[in-house]
Each structure stands twice: as structure tokens, then as C-alpha cells.
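Asker: As a plain string of letters, each chain reads:
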Amino acid sequence: MSTAKTASTFWRAAGMSYLQYLNKSASTVRMALKEPAKRKALTYEKFGYQKAVWKDGVQGEKVVVGIVQ
Amino acid sequence: MTLNFSLPHETIYAGAEVSQVIIPGEAGEYGVTVNHVPIISQLQPGVLQIIHEDGGGETEKYFVAGGYALTHENSVTDVTCPEAVKLDDIDPDAVSKNYDTAKTAHASAELGSLAQAEAQIEMETNKAMGAAIGLTLA
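Just so you know, the protein sequences line up as chains A and B, in that order. Here the first sequence is numbered in the working numbering, starting from 1 and rising by one per residue. Here the second sequence is numbered in the working numbering, starting from 1001 and rising by one per residue.
Some clues are possibly wrong.
To be verified - With a straight-line Cα cutoff of 20 Å, these simulated DMTMM-like cross-link-like pairs (lysine to aspartate or glutamate) come out:
{"hint": "1", "chain 1": "B", "residue 1": "K1061", "chain 2": "B", "residue 2": "E1029"}
{"hint": "2", "chain 1": "A", "residue 1": "K34", "chain 2": "B", "residue 2": "D1089"}
{"hint": "3", "chain 1": "A", "residue 1": "K38", "chain 2": "B", "residue 2": "E1110"}
{"hint": "4", "chain 1": "A", "residue 1": "K24", "chain 2": "B", "residue 2": "E1110"}
{"hint": "5", "chain 1": "B", "residue 1": "K1061", "chain 2": "B", "residue 2": "D1088"}
{"hint": "6", "chain 1": "B", "residue 1": "K1097", "chain 2": "A", "residue 2": "D56"}
Said to hold, decoys possible - Covered by chain A, according to a simulated footprint, are these stretches of chain B (three or more residues, beta-carbon under 8 Å):
{"hint": "7", "region": "1062-1073"}
{"hint": "8", "region": "1109-1119"}
{"hint": "9", "region": "1125-1136"}
These are computed hints drawn from the structure, not numbers from a lab. Fair warning: this is a prediction, and the values are worked out from it, not measured in the lab. Every residue gets a Cβ at the ideal spot worked out from N, C-alpha and C, and that includes glycine.
Excised from the complex, chain A in its bound form (with noise of 0.2 Å):
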């Protein structure tokens, strides 16, 4: 993914995506809470994606997709 010449945002410029953005904000608040709330909402730090494609009405591969730009 290339990064624009000039960058609206220092996250956009340092070469993040809003969704990195976002999710870094996220986790600045998860790691600022008190127990008990912070186990919880710390289980929500982990996600991950799976791509396939579709063909003839047939689910593909299913891939394991490293990061979400």
C-alpha cells in the first residue's frame, strides 16, 4: 500500500491504516482499566481474519489473512 506524499494525519504519515489507528487507540484504553474489566476486555485484544473465495456457488481455501490494511 503506498503512502501519500502528504499525509493528513501523523498515524496516515508514519504509514497506518485508520483500522491500526483505531485499534491502537483501542488498546491504550484496554490496558488503562481496572481488574476485573480489564481481563475481560482484554480478551478482545485477539482477532484474526480468514479469506476465501467464492466459485460456482463453492467456498475456496480458506487463508489465514496476516493483517487488515
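Once you have looked at the hints, place chain B on chain A.
Answerer: Below, chain B without anything else, positioned relative to chain A:
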């Protein structure tokens, strides 16, 4: 007006009738009541305030980490955030400590690097959390 407030892992309000919602928009804080002009705004880390119709107009506050708020023509407002927490769940000592750690990391990171951007996000979010719970972080 109707409020839909959801997070990826939880729906906090779906079709709730409220009196007013005060939203921490990127361009500034604004309040939405019935018949508000349709608006889409990106949120900054800050406090979302929900003023309920009954219960004597009680105000419920959440600290949101960002997201989007859309107000439609029919006075329905959708707020979606990656994370929202009650102010009581925020630990002031952790906020203060994490802010200081991020500030140090920001100062020592290379200008324009990913590490510096991440440190800046941490600083800004912790500063906003501090402001929400009455802590002034410089």
C-alpha cells in the same frame, strides 16, 4: 431520538429512546437531540454522554476510543466504537503511568517512525482518558 450504540463485541443500545447524546467528534464535541441535521462524524478518544428520557434525565457516560457517529434524517443516531468503557473502570494510576511511558517512547523514537506514531496515539488517548476522570497530564 433513537440511539444505536455498538461495539464489535457488544451492543450497548439498540433502538433506545434517549433525550440527547453528546458526541466527542474529531472536529469538536456536539450534542444531538431530535430533528438534528443529518451528520456523519469521526470520533476522537473522549467521553460519550447519553442523557436518558426517563430517570430524571440522568446522564450516562462512556469513554470511547474512537469510531464513528451517524445521525440520520429520522433522528436515529448510530454510534460505533472499537471500545467503550465506563469512567469508573478507568484506573488513574495506570493512565498516568502509561502516559509517562508513552511520552518517553515518543521522545526517543525516530521522527516519523511507526514507533513514534504509536507512542503519540498512546499519549493522546491516555491524555483524553485522564481528562475524562479529572487528571491533568502534560
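Asker: Please name the hints from earlier in the document that this structure breaks, with their numbers sorted from lowest to highest.
Answerer: 3, 6
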